[in-house]
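Engineer: Each chain, letter by letter, is given below.
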Amino acid sequence: DVKVTQSSRYLVKRTGEKVFLECVQDMDHENMFWYRQDPGLGLRLIYFSYDVKMKEKGDIPEGYSVSREKKERFSLILESASTNQTSMYLCASSPPGPVDEQYFGPGTRLTVT
Amino acid sequence: AQRVTQPEKLLSVFKGAPVELKCNYSYSGSPELFWYVQYSRQRLQLLLRHISRESIKGFTADLNKGETSFHLKKPFAQEEDSAMYYCALRGFGNEKLTFGTGTRLTIIP
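In the order they appear, the protein sequences are chains A and B.
For the first sequence, my numbering assigns the number 1280 to the initial residue and increments by one for each residue that follows.
For the second sequence, my numbering assigns the number 142 to the initial residue and increments by one for each residue that follows.
Hints may contain errors.
Unchecked claim - Straight-line alpha carbon distances no greater than 30 angstroms define the calculated DSSO-like cross-link-like pairs of lysine-lysine that follow:
| id | chain 1 | residue 1 | chain 2 | residue 2 |
| --- | --- | --- | --- | --- |
| 1 | B | 156 | A | 1332 |
| 2 | B | 237 | A | 1334 |
| 3 | B | 198 | A | 1282 |
It should be emphasised that the hints constitute simulated quantities derived from the structure, not laboratory data.
Same shape as in the complex, but just chain B:
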């Protein structure tokens, strides 16, 4: 079975402060991890995937297999980062995604 845990339902951060959204997973094999984001009145969209090792909108996420974590980080928060963030896992050879419960990030001006 695969499971994704996002421990924080709500997170408020001041503009310019660092942001970290936590994601832990449970999966026996090699997972593929993703972060999806939903801005106000917009559709859910992919933010980044661990396999690409890319930085999108200043966000990065490193897969830590020892701690089974895939935390999303940004060094300096911006107001436009306010959104709902979902961590998601895909098991090896599987087309389906398992999503976490989401974290609503609010950036305080």
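Excised from the complex, chain A in its bound form:
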């Protein structure tokens, strides 16, 4: 059974802080994704990675960066958190191939004050 875990369920940070969101998957998946989920806007892709040290920008990468040093771990970094980054952040992983589903983590609700 695929398991995707995220380091925190809830996080409160101050404006300007550097924020790290961690995601770990235990199924040896090549692909990993970071989304933000906002009411009325659905899921929007921030970044994804198709292999270690490989990354590609999604639809809304501004203000974010990512790191993938190991296959099982994909980190999302907010270099200087802002209030408009308050959101639910979802991590997902999938094996390569067009038909396979994405497996999601439980989400991290980040509040920036």
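Starting from the structure of chain A, add chain B where the hints point.
Structural biologist: Only chain B this time, still in chain A's reference frame:
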């Protein structure tokens, strides 16, 4: 460019009534379409994919390329169907999914 439109943000249906969640897409090639569901306090999960032509929890969805639609249907709604539903599209040869804005379905007892 690929785009997914779910016109209804909220949908309320009485228990036992038919359900239809609308999804329209824009994509120039042959898409792969999915429905994902998020029940209260649970993680987002795959409900069904068009390529499998399967019925999951009584739900079906048919890809209509002429109308560029992938509506989700169930003949008789149940209370446990209350959830957030997202339609998603993957372009040919692409690993990324494009999601719609979601529809919150509420089943009225």
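Engineer: Evaluate each hint against the coordinates.
Structural biologist: Each hint, compared with the structure:
1. B:156 / A:1332: 49 angstroms, violated
2. B:237 / A:1334: 12 angstroms, holds
3. B:198 / A:1282: 22 angstroms, holds
Hint compliance for this structure: hint 1 alone is broken.
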